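Since the structure of chain A is provided, determine the placement of chain B on it from the hints.
Sequences listed follow chains A and B, in order.
Position 104 of the first sequence, counting from 1, maps to 107 under the numbering used here, and the rest follow consecutively.
Position 114 of the second sequence, counting from 1, maps to 117 under the numbering used here, and the rest follow consecutively.
These aren't lab readings, by the way, just hints derived from the structure by calculation.
What you are looking at is a predicted structure, and each value in this text was computed from that prediction instead of being measured.
Worth double-checking, as some hints may not be accurate.
Unchecked claim - FRET-style restraints, in silico, Cβ to Cβ:
#: 1; chain 1: B; residue 1: ASP40; chain 2: A; residue 2: ILE196; range: 24 to 34 Å
#: 2; chain 1: A; residue 1: GLU101; chain 2: B; residue 2: GLU94; range: 23 to 33 Å
#: 3; chain 1: A; residue 1: LEU234; chain 2: B; residue 2: GLY175; range: 15 to 25 Å
#: 4; chain 1: B; residue 1: LYS105; chain 2: A; residue 2: LEU198; range: 42 to 52 Å
#: 5; chain 1: A; residue 1: GLU60; chain 2: B; residue 2: PRO80; range: 36 to 46 Å
#: 6; chain 1: B; residue 1: GLY41; chain 2: A; residue 2: LYS176; range: 33 to 43 Å
Unchecked claim - Listed below are several chain A residues computed to face chain B (Cβ distance under 8 Å; list not exhaustive):
#: 7; residue: GLU78
#: 8; residue: ILE81
#: 9; residue: PRO114
#: 10; residue: SER122
#: 11; residue: LEU125
#: 12; residue: GLU129
#: 13; residue: ASN130
#: 14; residue: ARG168
A virtual CB, placed ideally from N, CA and C, is assigned to each residue, including glycine.
Spelled out from the first residue to the last, the chains are:
Number of protein chains: 2
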Amino acid sequence: MAVEKEEGVNPMPEKKAVILLSGGLDSTTLLAIAAKDGYELYAVTFLYGQRHSVEIESAKKAAAMFKVKKHSIIELPIDKIVLSSLTGSGEIPMDRTEADIKSGVPSTYVPARNTVFLSLALAIAENIDAEAIFIGVNALDYSGYPDCRPSFIDAFQRLADVATRRTACGDGKIEIKAPLIDMKKSEIIRKGIELGVDYSVTHSCYSPDEEGRSCGRCDSCVLRKKAFTELGMVDPVTYVK
Amino acid sequence: MAVEKEEGVNPMPEKKAVILLSGGLDSTTLLAIAAKDGYELYAVTFLYGQRHSVEIESAKKAAAMFKVKKHSIIELPIDKIVLSSLTGSGEIPMDRTEADIKSGVPSTYVPARNTVFLSLALAIAENIDAEAIFIGVNALDYSGYPDCRPSFIDAFQRLADVATRRTACGDGKIEIKAPLIDMKKSEIIRKGIELGVDYSVTHSCYSPDEEGRSCGRCDSCVLRKKAFTELGMVDPVTYVK
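So here's chain A without its partners, still in its complex pose (with noise of 0.2 Å):
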């Protein structure tokens, strides 16, 4: 991990980063970025009964790729408070075209999800004094879901000011990055390899069959097939169709 360290007697304390990680694509890529930005990783996955729990294994070996200081792997009920078809309840939708994918809410939106997300990675912000929050929103490809647009992370901003023992009392502020906010699929992937992200160990479907293939077909899967065909690119994970 490539951390800033100023030379002398007395080195700058590190600064600290909290990671929203899911072991997809683009969370893979913002650790990439907090990396070259100097930070000591923190990285935090959710276990919240998503089907696609491969997930999990991807998030691990990216964890490890980016030499992060610690990854928590937390249990989130999510699941069992609210319904989306990404959480169990109804079909995921599939073979969709990215007009589609980019029009409305889609069912595999689930409800409040990055706000419980940033407010679990904000209380671990402040228990470890970290300065900042990753999270790897992208408004282009998931304009139809509410929790990932500039608007969402301006509010969240702003009440994480307002909310922590050290931002209440002016000691310092928990910074809310979002890095991919707006970017295409196709740049971020390019800023991923010249970062060095193997995105063979990510995964990105929505729908893996049981031994952890990628669909191809849901709108996850097809968001990042074309992005590697745009790039001219083989992806490197494997697909059932």
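This is chain B only, laid out in the frame that chain A set:
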């Protein structure tokens, strides 16, 4: 715990509210206020390793007292990710004066706790189509806690306005209601009695003994006892001292 699903169509749809219910004096009064305001009540209690888990039994009794439609008890591993004397790290402060209690952030502060609680309440509210979330924060007794202040509640409201499918799409608001925020503890008790609260079922102590008796010395007991005394009433809970 079952996922909410509405059976059939309500001819007269009731307005619904999610109530953050700890089983303490404040949140039980909150439940009474929400009931009086005509909401169908969905109470939620979080198990987060608090030492005073005797509160859970109080929460169940309070929920029964006000005939809640559903009481969800959710395990939340917040004690695994943050440090607080309330969740077992360090000593609970004892025998402090009211002035001491109201200055600074006490060790019983749980990092970002109300942010996490409100986020999960928001997820539930979106899922069941509730139009309000009630939280029993109080800015007078707990002025040291950043997440009990009006600026925190206002910031969470602005977040809620953009964070969910319903609110972000203009289909309706989820209102964050904190009716106790400006009330003195004695005023809260007077209001509760007026609304039929039996305070013998409530539990406020941060450090109860093995039989569930209140210590009488922690900040929460000190403020509670003082309020009953101000009202010229006998607190119906049992104290060790």
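Verification of the hints:
Checked against the given bound of 24 to 34 Å, the beta carbons of B/ASP40 and A/ILE196, roughly 56 Å apart, lie outside it. Look at A/GLU101 against B/GLU94: about 57 Å separates their beta carbons, and that is not inside 23 to 33 Å. One distance hint, 15 to 25 Å for the beta-carbon pair A/LEU234 and B/GLY175, is violated here, with the actual separation near 42 Å. Our hint of 42 to 52 Å for B/LYS105 and A/LEU198 holds, since their Cβ atoms are close to 49 Å apart.
Checking the proposed 36 to 46 Å range against A/GLU60 and B/PRO80 shows it is violated: the Cβ atoms sit about 21 Å from each other. Between B/GLY41 and A/LYS176 the beta carbons are some 41 Å apart, a value that agrees with the proposed interval 33 to 43 Å. The interface hint given for A/GLU78 is met, as the beta carbon of that residue sits about 7 Å from the closest beta carbon of chain B, less than 8 Å. Annotation: A/ILE81 was flagged as interfacial toward chain B, and the flag holds, the nearest CB pair being 6 Å apart, inside 8 Å.
Residue-level restraint check for A/PRO114 holds (minimum Cβ-Cβ distance to chain B is 4 Å; threshold 8 Å). Taking 8 Å as the C-beta contact cut-off toward chain B, the hint placing A/SER122 at the interface holds, the least distance being around 4 Å. A hinted interface residue such as A/LEU125 counts as satisfied when its beta carbon comes closer than 8 Å to some beta carbon of chain B; here the least separation is about 4 Å, so the hint holds. Below 8 Å, beta-carbon pairs count as interface contacts, and A/GLU129 has one with chain B at about 4 Å; its hint therefore holds.
Interface restraint check: A/ASN130 against chain B, minimum CB-CB distance 4 Å, threshold 8 Å, status holds. Here the hint on A/ARG168 is kept, as its CB sits about 5 Å from the closest CB of chain B, short of 8 Å.
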